[in-house]
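One-letter residues, chain by chain:
4 protein chains.
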Amino acid sequence: MTKKLNFCIVGLGRAGHFHLSSIQSLDSCSLKYVVDPALDGGTSLPAGVSLLRDLKPALTDPELDAVVIATPTQFHFQNICDALKAGKHVFTEKPLGKTSEEIKTCFDLAEKLGLALYLGFQRRYDENFKALKASITKIGQVRTLKMSSRDNPKPSLDYLKISGNIFHDMLIHDFDMLQFLLGYKIPESVSAFGHAYDPDIEAIPDLDTVVVNLKYDDGLICTIDTSRTAVYGYDQRIELFAEKGMSMAENQRENTVEVHTSEGSLKAPANYSFPQRYKAAYAEEIADFVNGIQNNRLYNVSRDQCLLGHLIADAAHEAVVTNAVVDFQKKYGKELS
Amino acid sequence: MTKKLNFCIVGLGRAGHFHLSSIQSLDSCSLKYVVDPALDGGTSLPAGVSLLRDLKPALTDPELDAVVIATPTQFHFQNICDALKAGKHVFTEKPLGKTSEEIKTCFDLAEKLGLALYLGFQRRYDENFKALKASITKIGQVRTLKMSSRDNPKPSLDYLKISGNIFHDMLIHDFDMLQFLLGYKIPESVSAFGHAYDPDIEAIPDLDTVVVNLKYDDGLICTIDTSRTAVYGYDQRIELFAEKGMSMAENQRENTVEVHTSEGSLKAPANYSFPQRYKAAYAEEIADFVNGIQNNRLYNVSRDQCLLGHLIADAAHEAVVTNAVVDFQKKYGKELS
Amino acid sequence: MTKKLNFCIVGLGRAGHFHLSSIQSLDSCSLKYVVDPALDGGTSLPAGVSLLRDLKPALTDPELDAVVIATPTQFHFQNICDALKAGKHVFTEKPLGKTSEEIKTCFDLAEKLGLALYLGFQRRYDENFKALKASITKIGQVRTLKMSSRDNPKPSLDYLKISGNIFHDMLIHDFDMLQFLLGYKIPESVSAFGHAYDPDIEAIPDLDTVVVNLKYDDGLICTIDTSRTAVYGYDQRIELFAEKGMSMAENQRENTVEVHTSEGSLKAPANYSFPQRYKAAYAEEIADFVNGIQNNRLYNVSRDQCLLGHLIADAAHEAVVTNAVVDFQKKYGKELS
Amino acid sequence: MTKKLNFCIVGLGRAGHFHLSSIQSLDSCSLKYVVDPALDGGTSLPAGVSLLRDLKPALTDPELDAVVIATPTQFHFQNICDALKAGKHVFTEKPLGKTSEEIKTCFDLAEKLGLALYLGFQRRYDENFKALKASITKIGQVRTLKMSSRDNPKPSLDYLKISGNIFHDMLIHDFDMLQFLLGYKIPESVSAFGHAYDPDIEAIPDLDTVVVNLKYDDGLICTIDTSRTAVYGYDQRIELFAEKGMSMAENQRENTVEVHTSEGSLKAPANYSFPQRYKAAYAEEIADFVNGIQNNRLYNVSRDQCLLGHLIADAAHEAVVTNAVVDFQKKYGKELS
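Protein chains in written order, with this note's numbering: chain A, 133 to 469; chain B, 133 to 469; chain C, 133 to 469; chain D, 133 to 469.
Calculated from the structure, these hints are not laboratory results. Fair warning: there could be bad hints in the mix.
Pairs count within a copy or across copies, as identical chains cannot be separated in the list.
To be verified - Only pairs whose alpha carbons sit at most 30 Å apart, straight line, appear in this in silico DSSO-like list of lysine-lysine:
no., residue 1, residue 2
1, K270, K286
2, K188, K466
3, K270, K217
4, K286, K376
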């Protein structure tokens with residue numbers, strides 16, 4: 133029997149709780165530490181788990197194998213570096229850091245030390261998007277990709293203020309999804325338009341509604357539209373228009389009931405928000421991380437893919453600010469080589 | 133160029149108007165007479181059409197080729213016989229008559245005189261049911277057939293009082309649809325349950341809600357449920373459960389718009405009533421009749437199929453009245469030979 | 133903090149494994165014993181669980197609180213009685229026993245001893261059917277209920293031989309679902325037709341395709357159709373036709389992808405079989421049992437409902453054998469008083 | 133009774149035939165002339181219709197009321213001017229002319245002479261898009277509009293060579309649909325990407341796959357994607373994302389049948405091409421023209437809307453050619469005042 137992997141979770145907010153539950157459900161894992169300075173001794177943790185206010189003591193424990201990082205964004209980079217330097221495998225919520233330099237530093241460290249570095253791009257584990265990717269063999273070369281990625285409910289203003297911006301906080305998932313579906317492809321041009329309907333978001337300043345277009349040199353055009361507030365439910369759909377057909381991944385609904393009256397036929401709404409939609413995906417991403425450690429598959433997202441997503445977010449932001457088409461390869465190409 | 137066929141319509145109610153419009157849209161037809169004792173000279177008819185109060189004078193016109201009968205039910209049989217005896221092709225709304233003897237008489241007359249006799253079972257011309265029938269090649273032997281056939285809005289009490297009963301007025305269409313889909317098959321057993329929710333219908337006495345089951349000796353079981361009042365729209369759906377799959381014909385909707393709010397996703401209701409659902413089918417049935425006359429294809433529904441439908445209606449009625457399973461072959465088999 | 137409830141599972145087949153997983157996921161439970169004479173010492177069980185070949189030793193353990201019975205059908209009754217007499221709460225897969233006398237004995241025992249007796253009618257915990265039930269407030273009095281309940285894949289012949297018959301093995305779930313949706317209602321009449329397409333099933337003798345109709349004195353007519361082999365996926369749908377509308381619970385699909393080609397639009401099939409469809413329901417039924425024990429809610433299905441379902445299965449079987457409508461109240465009414 | 137309107141159709145290709153059939157079905161119209169130099173005397177026309185090789189003689193007929201123009205594109209402008217100058221009402225397929233000057237000339241003529249000038253933007257008469265427009269009252273201010281407008285089958289190369297380009301030939305319908313749905317709104321910025329997958333189209337030179345984005349000063353962002361070859365069927369869908377919900381108009385399907393096998397659930401494809409999708413809309417647009425003449429409602433699309441659509445097509449073309457965001461108001465604003 134394989135030795136159990138000992139885990140530490142840093143940050144026990146909403147994401148941290150998902151990961152706690154995922155780790156406990158895996159026979160191959162044992163949760164040893166939870167690190168969160170905001171929790172006190174009265175917090176109810178599973179039997180055998182130690183609550184720490186700081187990551188350092190856990191990192192000195194030679195029994196600890198892996199660290200799951202779910203802290204506020206600004207602490208990711210430091211925690212990742214500390215954990216890797218202590219010889220621990222790392223699973224982290226995005227982003228790795230604020231700049232492409234920080235992203236490179238993380239991957240270089242993991243590479244040098246032979247440690248796993250996994251990102252919480254949970255949509256890669258969604259059954260619907262996996263089936264969508266598989267459908268490409270049926271429809272041939274994708275010519276137009278349309279992605280709707282609309283949040284519900286609107287996050288708190290406190291969160292939004294520290295989120296970076298809508299490009300690096302929300303759309304970064306979509307830019308990763310492009311690569312999940314189509315592989316590593318560097319766009320030729322990036323264009324984007326956006327607006328802030330919410331005056332509080334405008335004041336940050338940030339946007340709440342954005343459309344980004346990417347053009348590739350093989351003809352592919354991708355359009356991503358996003359919003360912070362899809363009041364009708366969490367809305368994440370993708371459509372692939374291709375040479376031999378079209379495929380779409382639709383939203384999941386709360387249930388399958390349809391009620392017919394003289395008003396029409398009413399189906400249940402889409403899942404309320406991401407915890408409902410990605411419940412299974414959250415469990416699967418941790419299982420994949422554990423499986424990766426056990427089988428020396430050290431990344432779920434490559435250094436190049438991670439960097440490309442970050443730079444596309446930079447370019448889209450620039451496109452809105454300058455109201456111009458960004459020549460991506462000219463401006464960002466050198467950072468990718 | 134083929135000579136135009138001259139038509140007479142008897143009865144200019146709702147069905148009569150459909151047929152008038154169908155005949156006018158066909159280049160191969162010319163409408164010569166409309167017969168309706170309830171209309172007066174002020175009625176607006178297309179140019180060149182004579183309004184008569186009685187069918188007789190039209191039947192003596194040697195130029196007249198075909199008669200379309202859309203009178204109240206109780207006059208069908210006499211009109212059909214008169215028209216056939218005068219050497220005219222006949223298209224008639226169901227039923228041919230009140231008894232199986234009358235049905236046989238009509239077909240015998242048409243057969244002897246070599247004239248076309250077509251029934252207005254318009255569902256046979258519905259694109260959805262034609263596609264459903266074609267799907268059987270994909271799914272193999274049908275094992276269970278489920279048909280929902282629910283009316284909207286509820287017909288007037290005056291109509292219901294002279295309609296015969298729900299079995300011969302409404303379900304007769306469904307019993308014909310069974311034969312359209314599966315061919316001529318004599319059931320082994322018939323069972324049925326029904327209820328009258330509407331006290332006026334109960335007083336007739338008739339039923340407004342009925343479920344009929346037919347069992348065949350090869351194992352096939354058919355279930356038909358019907359209602360006079362599907363308040364959510366006209367509801368005619370069929371499901372075929374078969375050896376290698378299942379196929380369904382769903383309702384048509386008023387339009388394809390779907391509105392998503394926090395309440396759910398609302399689609400437009402099914403077509404309001406039969407004129408909307410079967411608009412194209414009504415046009416096609418007259419075109420088929422004309423085509424049949426021109427090509428010596430003298431029936432759209434055979435004598436045997438017509439008779440079988442009528443007898444199944446008798447048996448289903450009996451099953452409700454006696455609250456017993458009717459041994460169809462024993463009781464009705466001899467009438468079919 | 134509440135004391136943990138100690139559990140014993142009897143029978144570690146497919147259902148037993150579901151329950152094992154459910155019990156482990158609940159913080160309020162501790163699994164102490166697994167009883168299965170067919171397992172040997174090499175079986176991998178979670179840490180701290182003892183494997184027994186016989187239920188008796190577990191029942192003498194005063195620490196044991198509850199027994200989950202998932203053995204082959206023929207052992208249910210004895211195990212239930214033994215466990216209740218030992219003072220343990222019982223959760224059992226259906227059926228309680230082979231006869232209505234056995235069913236009454238179980239409930240009488242539980243009642244007398246103040247112990248919980250829960251049945252594994254997992255469909256009551258399905259989100260879709262719960263939402264369907266809730267929809268009745270929108271559509272008003274149900275007039276026709278149509279239920280499709282078709283299995284996939286066909287169970288093994290070994291299983292079918294000891295399953296009782298299709299009425300008590302499969303349809304019993306549907307007869308329970310009627311009561312879940314509509315409450316305790318005694319039918320007036322029961323009619324049923326069936327066929328065996330599979331010669332092995334015919335030889336048992338049993339049926340693989342059945343349609344059952346139930347008529348109630350308030351006018352309600354229910355139609356249930358079932359099959360052992362829905363090759364296109366597990367198919368459990370219910371439609372309620374009512375005074376003010378209609379509602380339907382549709383199947384769940386494997387994913388939400390739709391692929392459009394010139395052939396048409398292809399959606400993923402329905403869930404493959406019951407473990408996929410009812411995954412969440414299986415977890416919830418054990419949680420409900422635990423909650424029931426803790427809150428002195430001792431049944432999820434009442435004695436009367438359980439008995440009524442059993443007698444309807446008897447009546448439907450009789451209706452097929454005799455090819456007659458069964459007068460349910462006359463024949464079975466006295467057993468229900 | 134109103135006097136019948138006498139019609140002349142110029143150009144009896146596919147569109148001309150639609151209009152011929154529409155005119156014949158209207159009691160208020162009489163078709164007097166068909167003008168087509170490519171037809172010979174053997175062409176079968178309805179009784180009473182004269183075939184001319186040139187429009188002039190028809191225009192001198194004082195009995196003629198209205199001219200329907202369905203010639204190849206390059207003859208539209210001359211025919212429109214000739215007909216208006218002769219005092220005839222005009223219904224014309226788009227475009228009015230090749231330049232905004234020609235468009236203005238047509239409207240100025242019609243205005244001066246008090247004649248009707250209607251454009252064949254048939255999508256305005258589609259039931260689905262009308263219902264979509266009506267849905268805006270439920271969902272509030274539109275924030276993102278996504279339109280897919282994909283053709284099937286690919287038009288002939290001969291047609292494409294004289295079609296102008298994809299912006300003025302295809303997307304012009306979509307730019308009109310924007311105005312139908314949202315009213316007359318001048319965009320702030322236009323961006324577009326395109327590609328030619330078909331080497332013959334590339335050689336014209338033209339594009340076969342295009343995505344256009346329009347940004348408005350109130351925050352609205354519209355994305356239109358188009359293709360000459362949607363091999364899975366004619367694909368015209370629109371999605372409105374708004375403050376209080378989202379609404380979508382989906383494609384119509386050939387029929388409502390769904391076939392379920394182990395591969396999944398297959399629905400009939402979308403309508404094959406525009407004649408099927410817009411069959412009813414083609415009839416309705418002529419009826420609206422006739423009604424407009426009778427009620428002195430002289431335009432279905434205003435001069436400003438027509439001009440704006442044309443200029444957006446210019447701007448989108450420019451955006452692709454220059455790979456830049458076009459500042460629409462700066463560049464084209466003056467032409468609209």
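Can you tell me if K270 and K286 fall within 30 Å by alpha carbon in one copy, between copies, both or neither? between (37 Å within a copy, 21 Å between copies)
Under a CA distance limit of 30 Å, which applies to K188 and K466: within one copy, between copies, both, or neither? The answer is neither: 37 Å in one copy and 66 Å across copies each exceed 30 Å.
Evaluate K286 and K376 at a C-alpha cut-off of 30 Å and name the case that applies: within, between, both or neither. between (38 Å within a copy, 13 Å between copies)
At most 30 Å between CA atoms: does that hold for K270 and K217 within a copy, between copies, both, or neither? neither (45 Å within a copy, 56 Å between copies)
Checked against the numbered hints above, the structure violates hints 2, 3; every other hint is satisfied.
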